[in-house]
Amino acid sequence: MQKKAIDAPINGDFTNKNILSIGQFSKKDIDILFNEAAATEKYVKKYDGTDLLKRKRLVNIFFEPSTRTSSSFHFAMEAHGGSVKTIENVAFSSVAKGETLQDTVRALEQYAHVTVIRHSEMGAVSVAAEVAQNPIINGGDGVGEHPTQALLDLFTIKQRLGHLDGITVTMVGDLKNGRTVHSLAQLLSHYGATLNYVSPKELTMPKSYTDPFKHKGIAQLEHQTLSGVLPKTDVLYVTRVQGERFLDPQEYERLKLTYTITPKVLKDAKKDMIIMHPLPRVGEIDTAVDSDPRAAYFEQMRYGMYVRMSLLALVLGRSIQK
Amino acid sequence: MQKKAIDAPINGDFTNKNILSIGQFSKKDIDILFNEAAATEKYVKKYDGTDLLKRKRLVNIFFEPSTRTSSSFHFAMEAHGGSVKTIENVAFSSVAKGETLQDTVRALEQYAHVTVIRHSEMGAVSVAAEVAQNPIINGGDGVGEHPTQALLDLFTIKQRLGHLDGITVTMVGDLKNGRTVHSLAQLLSHYGATLNYVSPKELTMPKSYTDPFKHKGIAQLEHQTLSGVLPKTDVLYVTRVQGERFLDPQEYERLKLTYTITPKVLKDAKKDMIIMHPLPRVGEIDTAVDSDPRAAYFEQMRYGMYVRMSLLALVLGRSIQK
Amino acid sequence: MQKKAIDAPINGDFTNKNILSIGQFSKKDIDILFNEAAATEKYVKKYDGTDLLKRKRLVNIFFEPSTRTSSSFHFAMEAHGGSVKTIENVAFSSVAKGETLQDTVRALEQYAHVTVIRHSEMGAVSVAAEVAQNPIINGGDGVGEHPTQALLDLFTIKQRLGHLDGITVTMVGDLKNGRTVHSLAQLLSHYGATLNYVSPKELTMPKSYTDPFKHKGIAQLEHQTLSGVLPKTDVLYVTRVQGERFLDPQEYERLKLTYTITPKVLKDAKKDMIIMHPLPRVGEIDTAVDSDPRAAYFEQMRYGMYVRMSLLALVLGRSIQK
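Chains as they are written, first to last, in this note's numbering: chain A, 1 to 322; chain B, 323 to 644; chain C, 645 to 966.
Among the clues, some could well be false.
In silico DSS-like pairs for lysine-lysine, Cα to Cα no more than 25 angstroms straight-line [what the hints assert, rightly or not]:
id: 1; chain 1: B; residue 1: Lys538; chain 2: B; residue 2: Lys350
id: 2; chain 1: B; residue 1: Lys350; chain 2: A; residue 2: Lys42
id: 3; chain 1: C; residue 1: Lys876; chain 2: A; residue 2: Lys54
Among the chain C residues that face chain B by a calculated CB cut under 8 angstroms, a handful are [unchecked claim]:
id: 4; residue: Val734
id: 5; residue: Leu745
id: 6; residue: Leu752
id: 7; residue: Gly861
What follows is a set of in silico ranges between Cβ atoms, one per label pair, in the way DEER data are often shown [to be verified]:
id: 8; chain 1: A; residue 1: Gly283; chain 2: B; residue 2: Arg576; range: 52 to 60 angstroms
id: 9; chain 1: A; residue 1: Pro231; chain 2: B; residue 2: Gly445; range: 35 to 43 angstroms
id: 10; chain 1: A; residue 1: Glu253; chain 2: B; residue 2: Lys644; range: 52 to 60 angstroms
id: 11; chain 1: B; residue 1: Lys419; chain 2: A; residue 2: Glu299; range: 14 to 22 angstroms
If you're looking for bench data, these hints aren't it; they were derived computationally from the structure.
Because the structure is a prediction, the values reported are computed rather than measured.
All C-beta atoms, glycine included, are put in the ideal place defined by N, C-alpha and C.
Could you build all of it, start to finish, from the sequences and the hints given here?
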């Protein structure tokens with residue numbers, strides 16, 4: 001059994017690669033993926049789905065529950081005509097009998113061609129990838145990576161704005177702990193973006209993320225409030241601020257309010273900007289905004305399906321464009 | 323985003339309609355649905371399934387567990403060649419993070435073309451339908467409605483007796499709390515039925531249900547025992563009597579026995595009548611009755627699949643008859 | 645409703661038979677099944693899957709969780725182009741309302757063509773088979789039978805060694821309580837095997853299993869350690885030794901170590917033998933053995949899918965060979 005490189009750069013060829021982190025993706029790799037995703041979107045809008053992965057089988061292993069992500073991969077596989085078994089209760093079964101993560105994955109992959117794994121612990125998906133024979137896609141490993149979320153965020157921006165170059169993205173909320181904003185910032189650094197970080201001072205973007213961008217021609221600006229930032233924003237990326245991160249509840253309530261996106265707040269925003277959120281939201285965006293044509297947070301989910309369809313196809317050596 | 327009418331009359335056109343309550347159905351709408359279901363039954367019996375909904379996707383969201391109903395919709399979609407993701411553990415995921423019902427439904431529907439929702443609270447499905455873009459089918463909302471159950475009950479009668487006009491239907495058990503009998507009675511009122519209500523006096527059919535039928539030429543008769551009623555019955559519809567509804571356990575045991583359907587009890591019944599039950603049963607029908615050709619309660623499930631196949635097809639603008 | 649024979653010999657014809665125990669299988673029946681499974685393996689390796697069971701529906705009812713077995717049947721059905729609904733939370737639903745096992749199975753089978761049942765209690769699957777109309781496949785009933793596991797074990801040996809006649813099989817571990825070794829020994833007795841039983845004396849193979857083989861020309865040898873046995877072994881079948889079966893923890897630790905399969909232990913083994921394990925393992929086989937070409941325990945899972953695909957096809961009257 002020849003071991004695959006676990007976390008190798010995509011380097012233009014997705015076939016049989018594991019998709020573990022966004023660090024594997026060059027700008028060219030993102031181009032390949034997004035071309036495939038755009039072609040897939042067109043095809044699905046016209047014909048509802050494809051037969052590209054007919055008879056291919058995905059085992060979708062969720063060691064921690066995530067209805068949204070598991071459903072997205074599930075439908076992505078089926079929309080390509082493939083089969084899926086989503087396993088959401090692994091913990092009740094062999095694992096309870098003392099089986100290792102590696103054995104569970106190696107056993108289940110025997111039935112299928114590709115594996116998605118979600119796990120609560122950082123690094124767990126890579127550990128599984130070390131022994132797996134089929135390509136592994138990381139569906140999120142705790143505070144580690146969630147590469148398909150980052151890629152779908154970027155793809156949403158590309159499809160909605162029409163391009164990625166030189167845009168201004170404003171990130172709001174808990175930027176210290178928000179895995180999605182860290183990954184999106186990293187991807188955006190390929191495109192010469194201006195990044196506004198709006199957060200309470202306890203929850204600013206960590207230096208370990210911002211420092212590497214300094215040499216990449218990325219403008220990075222920190223703010224404590226949204227005022228003044230919105231008129232120049234192309235993408236407003238909102239995240240949850242979780243109360244339990246604050247020492248002072250009053251401070252929390254005060255700040256939370258300043259970040260709540262309402263129709264009134266959006267009066268200052270451009271007509272052609274978009275509003276994103278990784279969901280679930282718990283009040284950060286007023287539901288009155290849902291009917292605003294700039295709201296893109298539900299559509300984000302659909303773009304996620306196209307991106308996941310494309311990744312599944314590409315790691316299996318297929319393309320809708322051939 | 324243009325909002326759909328939430329609970330609009332079908333009025334001859336199912337396409338893109340929500341299916342929330344049987345009040346939406348005119349007699350003509352029932353005809354359309356049952357013609358489709360009868361054609362579907364024929365087709366499935368001959369060819370096992372169809373490709374009518376190939377590449378269409380159903381998201382089947384069960385906020386409360388119901389193996390039977392979720393499986394019925396699941397197989398209904400797949401028997402039409404479509405894809406399904408049944409989500410039965412929503413509560414463990416985003417909802418636990420504080421997401422609203424509306425957001426959960428709007429997010430998940432992005433992957434699919436039609437949504438089934440089951441919820442423990444009356445009105446919850448309508449609340450979701452207010453914001454949903456895809457057609458929503460109510461899979462039961464607590465003490466509210468369960469329209470597909472009522473429709474499958476009526477379809478079972480039609481297929482087994484050959485017609486619906488002027489039949490005598492005897493309902494037995496807990497008629498006060500039984501959602502299924504309320505809905506079935508409402509549907510039967512279109513067809514000039516005679517309705518016998520057999521129940522203990524604590525559990526009679528509520529006036530709010532029986533009163534509206536008085537102006538529709540429906541004969542309604544209350545009884546405390548089955549004796550004398552069976553010889554004229556075309557459909558015996560049995561429901562569970564739950565002990566905890568009674569104050570007096572002895573009274574419960576006494577009455578329960580009088581309603582137990584046994585081969586002996588059925589000696590008085592017509593040769594061509596049928597026995598129905600929404601299931602699960604807990605002793606109301608003796609298993610010795612299962613081999614009686616008049617027993618229709620398991621077959622009811624299969625008729626349910628045909629009715630659900632037909633609803634899924636019609637709301638998606640398709641028909642097996644075209 | 646004509647009742648099927650519940651546990652009838654296959655006798656050359658699988659169509660509409662229940663698959664409840666390996667006692668139903670003659671040597672000829674095993675031949676039929678393995679020819680089908682070998683043809684299926686070839687087909688799946690070449691084309692990923694088939695359309696043999698397109699539009700057929702399997703209801704996969706797991707009253708006790710078993711991710712591996714439920715996934716195997718799930719993918720087996722889908723790899724043949726069929727549909728599946730796997731039900732893993734039956735206990736939360738109708739059963740909780742007091743429904744009998746028989747009613748649950750009779751209700752759910754209405755939607756489908758074949759049923760797989762897993763249950764924690766011996767005999768439960770047969771009880772369901774008594775009333776079921778569709779063919780029932782036993783997916784394991786507690787300390788009772790797990791016929792598809794035994795058949796996949798035998799098929800793995802056949803495919804890996806090329807034949808089954810006159811081989812030497814060494815079984816290691818808890819042979820008293822190990823359902824899999826009992827069933828495999830029973831199947832091997834058709835082929836004139838030599839069986840080595842290696843176990844602590846508290847956990848030897850029960851006489852009720854070994855006695856019937858004495859008249860079938862089977863050599864049976866008991867050992868307490870592996871030393872001396874390996875050089876003549878064609879198949880090393882390892883099972884878990886569960887600590888809680890021992891009265892003396894020190895004795896357990898001592899014996900456990902003597903049964904742990906490591907690269908060093910395997911130096912005495914033949915070059916063309918194979919190592920099997922029903923999984924999950926908890927230390928009985930060192931992971932350093934995983935890369936040894938003689939390790940067959942993960943591949944066993946894939947052979948299981950082919951065997952289950954074949955059983956599903958044959959009971960539904962289909963064959964990939966026609």
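How the hints compare with the structure:
1. Of the supplied pair hints, the one linking lysine 538 of chain B and lysine 350 of chain B holds, its CA atoms being roughly 16 angstroms apart against a limit of 25 angstroms.
2. With a C-alpha separation of about 39 angstroms, the suggested pairing of lysine 350 of chain B with lysine 42 of chain A is violated against the 25 angstroms cut-off.
3. A C-alpha spacing of about 45 angstroms is found between lysine 876 of chain C and lysine 54 of chain A, which places the hinted pair above 25 angstroms, so the restraint is violated.
4. For valine 734 of chain C, the suggested interface contact is upheld, since its CB lies about 6 angstroms from the closest CB of chain B, less than 8 angstroms.
5. Given the 8 angstroms rule on beta carbons, the hint for leucine 745 of chain C is violated: about 11 angstroms separates it from the nearest Cβ of chain B.
6. The beta carbon of leucine 752 of chain C comes within 6 angstroms of a beta carbon in chain B, closer than 8 angstroms, and the hint placing it at the interface holds.
7. Interface hint status for glycine 861 of chain C: violated, as the beta-carbon distance to the closest one in chain B is roughly 46 angstroms, over 8 angstroms.
8. At roughly 55 angstroms, the beta carbons of glycine 283 of chain A and arginine 576 of chain B sit within the given window of 52 to 60 angstroms.
9. Evaluation of the 35 to 43 angstroms hint for proline 231 of chain A and glycine 445 of chain B yields a pass: the beta carbon distance comes to about 42 angstroms.
10. Taking the beta carbon of each, glutamate 253 of chain A and lysine 644 of chain B are about 58 angstroms apart, inside 52 to 60 angstroms as hinted.
11. For the pair lysine 419 of chain B and glutamate 299 of chain A, the supplied restraint of 14 to 22 angstroms holds, since their beta-carbon distance comes to about 21 angstroms.
Of the numbered hints stated above, those contradicted by the structure are hints 2, 3, 5, 7, listed in ascending order.
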